[in-house]
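Participant: Each chain, written out:
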Amino acid sequence: MAAAEALGAARYFTRWYKADVKGRPCEDFCVLQHSNRICVITLAEAHPLLQPGKTITSINYQISPNCSRLQNKVSGKSKRGAQFLTELAPLCRIASSDGEEYTIYSFIRGRLIEVNENILSNPALLQEKPSTEGYIAVVLPKFEESKSVTQGLLTPEEYKEVLLKRQNSSSGS
Amino acid sequence: MSSLTEKDRPIVQLLLSAGTCPRCIFRFCRVGSQTLYRHPYKDLMKDLKQFLEGNQEEEDRACFDVADPPCKRFRHGHTEEGADDLNQNGVLSQIPLANDGNADVENSDVENSAVEVCNVCLGILQEFCEIDFVKKMCEKVNSSDFQFTSFVFSVSLPPQLSVREHAAWLLVKQEMGKLDLSLAKDDIVQLKEAYKWIIHPQLSEELGVPTDGKSLFEVSVVFAHPETDEECRFLATVCPDCFKPAKNKQSVFTRMAVIKALEKIKEEDFLKHFPCPPSSPKNLCVALEIQCNNGAVFVAGRYNKYSRNLPQTPWIIDGERKLESSVEELISEHLMAEFKADSFNFSSSGREDVDVRTLGNGRPFAIELVNPHRIHFTAEEMKGFQQTINNSSDKIQVRDLQLVTREAIGRMKEGEEEKTKTYSALIWTDKTIQKEHIAFLDDIKELKLDQKTPLRVLHRRPLALRCRIIHTMKSQYIDEHHFRLHLKTQAGTYIKEFVHGDFGRTKPNIGSLLNRTTDILELDVESVDIDWPPALEN
Ligand SMILES: [Zn+2]
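If you're matching them up, the sequences are chains X and F in order. Under UniProt numbering, residue 173 is the last one in the first sequence; the count climbs by one each step, no gaps. Under UniProt numbering, residue 538 is the last one in the second sequence; the count climbs by one each step, no gaps.
Treat the hints loosely; a few may be bogus.
[As the list claims (entries may be wrong)] Short derived list, chain F residues pointing at chain X, Cβ under 10 angstroms:
#, residue
1, Glu227
2, Val457
3, Arg461
4, Thr517
None of these hints come from the bench; they were simulated from the model. Where a beta carbon is used, it is the ideal one built from N, C-alpha and C, also for glycine.
Next up, chain F with everything else stripped away, as it sits in the complex (with noise of 0.2 angstroms):
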C-alpha cells in the first residue's frame, strides 16, 4: 500500500494550509492506494495532522497529545526512516479504520480546514465522495427504470478545477524542486480517477451491480460551478485563439479549450494572473444532472411493402407530410414501445420508392434503438413483436425480426453493391406489340448499361455517369401495349430509367432495344439477395 513519504512533508504541510482536502494532498502527493482514498473525510484530515505533527514533534516546535497508539508507530517509524533516507517509503500505511471518537486533534486551524471548500477539487472529494450524494445518484439511476446488469460510470467536471489544479502543480513542483525533485503532471493522480475510487465501490453497492469498463449502461454527473467563466477569463486575455465562440456552446470556457490554453500559457504568466495557491473559493460545486444512458440496442429483420403510396422514411417537403405513414415509422413503432427508447435509426439494404413494392423474402433492415430502458427479450418475445407489427398494417410485413449486434449491421451495408437485385416491371409501349416482338429481351444477357444520374434525383445527387449491369431478362407479353419484364440486376441500376430512357439519359434503354416510346407503370422488387439477417424458424 503506497503512502506519504517523508518527502512530501512540505506538501502536506504547503496544501493544507493554503485549504487543500486530504484527499487532494494525496493526489498531489502522488499515493496510489485505492483504499486510502476511502477512508472516511474526518479519519483522513486527523490522519494527515498527525503526519504533521510527527514533524513538529521531531522539530521539538509544538506539543501534541500522542495516545493514538497505530499513528504513534507510523510517527515513530517515520521519524527513524526518515532519518536515513528522506525517499524512503513506508509511512502512514497503516489509519486506523475506526473513528476513534476522541477528538485529540487539538490544531484547531487543520480542524477547521476539514469543513473549508478544498481549493482544488471544489468539493468534488469532500463532499459529493459522502453516502448521502451516491445515494441520491442512486434514487436517480432507480427511478430512470432502467434494465442494466452493470454500469460504467463517468463525471464532468467544470472547467477552472484543471486551472485550480495547474495552479496547484505549479506549487507543489516548485516546493519540490527546493529537494532537487521534480513533478510532472501525469504523475499527480488524476481527479476524475480518484473520484471514481472512491464512488464505485458505493454505487456499486447501492445499485446491486458491478462496475464495469465496458458496460452499455452510463450513470454520468454533472458537475458545475457558478464561478467558472470568472476564473477561467485570464486566459482568453492570455491566449484567445483557444477560446472561440462555437455554436451551441454556452460559454467559450469549454474544458477542452481550457486545457489547451493552460498547455499554451507559459508559468509566468499564469502565475501573474492566477493566485498559487489557488484561493479558498466561496461555493463548492453544484451537481448540475445525473444522467442514466444505456447503449443503443439493435433489431433486424426483413421487411415486405405492399402499398404504392407508401415511402420508406417520412417524406416530408416544405416542411409538410406528403404521405401519413412510413415503412420505417410501421415497424418501429412498435419496438420504441417494447424497449422504452427514446429514439431510433432506421436503416436497410437499399431502398425502394415510393410506388414500388418489395415482394419475396422482402429487403433487410435494422434498427438503432437509442437509450432503450428495456434490453432483456427473448426470442419468443421478439417473435411476438413481429406479430404485433404485422398484425398492425397489411401496407407491410415483417419477417426474421431478431436482436443482432452493432457490428452484424455492416454485414447489411457491405452486400449493398454488390449483391444482385431482381426485379419486375409492367411496362407500356406506344405502337403495338407482338409476343415475338419481345422475345429477344430474354436471350440478352450481361447488358451494359451507361446511365447518367436520373433527373428525378439530379438536384439531390451529383451528375455522374454510370456503368450499370442487367445480367437477365424475362417477358411476359399481356397485351398489344403492355408486357411484364422481369430482370436480375446490378444493385444500383435504375430500372425506371432503363424502361422509359429518361431522355435518352440512360442508354441503352427498353424503347430503344423495341425501337418504340415505352413507360413503366409498376415495378416491385422481386428479391434483394442478401443473406442477412439469418432466416428464422417460424
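One chain only, chain X, in its complex shape (with noise of 0.2 angstroms):
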C-alpha cells in the first residue's frame, strides 16, 4: 500500500483487523481506531469484494425493511439521534455482478455517525482506496468502552500471520 497511508492514518489511527467474520472465508475487515476514539470501518484487501476480476452492482444500506442506515441523522456534539449499533449489525449489503452478496458488519459497539454516500455514486472507489475514500461508515464508541470495543481483534501482526497461514494452506492444498 501507498506509505502516505502511513502518514495520513498511522499517525494519528491505529489499525485493528477481524478476519473471516461470521465463518465466512476471507471476509476481513479493517477499522481505523483515531486516538480520538472515532472508528472508521473499512474493508480489508483480503476481503473477496477486493479481488480482481470482481465488480460492484450494487451497495445497499438498507439492511431491513424498516432500517435504512441512510437514515442516520446525528445532532449536537453528543450525537444524539444516532442508531446505536452492536457488533454484529449490519451496516450495509454488496453484491456482485457474479452473484454474490456480502454483508459488512459495524464489528464495534458505538454509536454510527455517518456512512459513505460516496461509494454508492462511485462503487469503484471502495475497491480502489478501500482504507480511505472507500471506508464504510464511522462509529464512535461510548467513551467507558473505547478500549474494550477492539479487544478480540488482531493487530496488523497477527492479522499478517493470519494471511500467510491461508496463503500456506491454499498453496499446500
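Combine both chains into one complex, guided by the hints.
Facilitator: Shown next, in the form of C-alpha cells:
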C-alpha cells in the first residue's frame, strides 16, 4: 500500500482486523481507530470484493425493511439520534456481478455517526481506495468502552500471520 | 432634612417597646436623611426616647426631665404643629450632635433596650456600625495588599433578616392602618442602604480613598446568624416549592428563596407561624467574612509559537498531562506573578494545533487576570514584562504586550470569523511530481471546499458540512515527492484535511486536485490578519 496512508492514517489511527467474519472465508475487515476513539470501518485487502475481477453491482444501506443506515441523522456535540450498533449489526450489503452478496458488519459497538455515501455514486472507490475514501462507515464507541471495543480484534502483526497461514494452506492444497 | 413626624409616634412607641433599634425605627418611619443614621447610637436612643416623652408630656401621663434645650424645642414645635396637622414634617430635625453627657434619661426600659440586639436587624445597625468594626474591615483590606484608588462596599445579610423585616412591616402597616395610612414594603428604607450610609464615610475615611459605585475594587462583608435555618423553616412547610435543594448550597434557605417565599405567603399564614413583632433574638449576627476583590484587568498581545510540540492550552487526557507546557502558561506565568492575580483566562483569535507553528506577526491573544493585587503599570513596565516572557522561552515570543479594556477584547473575537489566514504547508505525494504538475494550483482562485467536520475533532464537535474558501495558493516545488504550498484561506478552514482529504470528507482536496495520494508533513500559520491589538513601537 501507499506510504501516504502510513503517514496520514498511522500517525493518529490504530488498525485492528477481524478475519473470516461469521465464519465466511476471507471476509476480513479493518477498523481504523483514531486516538480520539472515533472508528472508521473499512474492508481489509483480502476481502473477496477487493479481489481482481470482482465487479460491484450494488451497495445497499437498507439492511431491513424498517432500517436504513442512510436515515441515520446525528445532531449536536453529543450526536443525538444516532443508531446504536452492536458488534454484529449489519451496515450494508454489497452485491457483485458473480451473484454473491456480502454483508458488511459494524463489529465495533457504538453509535453510527455517518455512512459513506460517496461509494453509492462511485462504487469503484471501494475497490480503489478501500482504506481511505472507500470506507464504509464512521462509528463512535461509548467513552467507557473506547478501549474494550477493540478487544478480540487482531493487530496488524497478528493479521499478517493469518494471511500467511491462509496462503500456505491454499498453496498446500 | 427629613425626620420623624407626629404620625410616626405610635410606630416609634410600638417598635421601641418590641426591642427595635433606633435606626430600624427610622427606616420604618421612612427617614431618608443619611446623616441622621450616622449619629452615635446612644444619642439616637436618647432622642427617640425624648421624642416619645413629648407625647407623654402632652398627654400628661408621665413626668420627665426636660432640661435639654434643643430637644425641648423640637418637642414643643412638634406639639404645636402636631396639634394642627399630624402629617406635618419638621420634627426631630435637630438632633444634638455632641453627647451632652447627662444621664437625663430616666426611662430605664428604653435605656436598657439600647444594648439589646435589635429584633429586626439583629445588630447590623448597632454594633456593626461602630468604628471598631470599621477598623476591623480596614485592617483586613490593608493586609490583603491591593492596589486601589476607590472602593465599592457590598454587604450580604443572613436570610432571616428578610423574614424579620417582613414581620415588622406587617406590624407597622397594621398600626398605620389605624390612622388610615398605608405603607408599601418599598417605602421602608432598605437595611442595606441604611447600613451603607453609615459605613461609607467611615470606611472611606479609614482607607483614605473615596467610595465609588463603579469602582472595580470591592470590599464585601458577609453576615451570618446561627438561627437562620431555625427561623426560616416555617416558610419551607408553607411554600415548599421555593426551597429546592441545590448543588453547592449548604442550606436551602438562601436569601433569594426566602424573599420569593415571602412574596408568595399569605399574611395570615405568615402571622400564624412567625411572631409579630419579631421576638428578641438570642444572638447577634456574626461577620463571617470580610473579603476584598479587585476587578479583572486585561492584557493583550500577539504571540509566535516556534515549537511543534507545544499545545496552546494545557493538554490533559484522562487527568494526565501529555506535554509539559503550553503557550498560555508560558505567557501567563510571569504576568500572574507581576499582577499578583488569583487566576487567569486565556483567549485568542483562533488556535493552532499542537504540531503547528505560528509565525509572522503572530496570533492576537488576551489574558484576563482575575482579582489582581497590582493593577497600575506603565508602558515601560509592560515592555519589561514582555522582555522577561521572551527571555524565558525560545518556544514562544510575544509582541505588542499592552493593557486593554474588557470591551476591546470583543474586537479580537469579532475578527475571528471574517478575517483571512495564511498558511504554509509541507506536502508529500505518493507518485512523483514535477514542477508542472503542481503549477496549476497557483492559478486557482476562490476555490470552494465542502468540508465535513474532520474525524480528528468529530468526537467533540457536531457533524456538519461546511463550505470554506481557499482564496489563493502558491506552490513551491521541493523534490519528486515534496512541495510547499502557501495558502490564503477563509478563517475556519481545516488545512490538514484540505491536504490529505480526510477519507474523502473534504472535497476537493490536494490529493484529488493532483490525482495523487497526498499528506501533510508540516503546517505553519504565517499570518492571522486581524489588526488588533494595536502594534506598539519597539
Ligand atoms: Zn435594628
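Participant: Each hint needs a verdict: does it hold in this structure or not?
Facilitator: The hints, checked one at a time:
Checking F:Glu227 against chain X by beta carbon gives a least distance of about 46 angstroms; that is not within 10 angstroms, so the hint is violated. Hint status for F:Val457 relative to chain X: holds, with the closest Cβ pair at about 8 angstroms, below 10 angstroms. Restraint check, F:Arg461 versus chain X: the minimum CB separation of about 6 angstroms is within 10 angstroms; hint holds. Of the supplied interface hints, the one on F:Thr517 holds, with its beta-carbon coming within about 4 angstroms of a beta-carbon of chain X, less than 10 angstroms.
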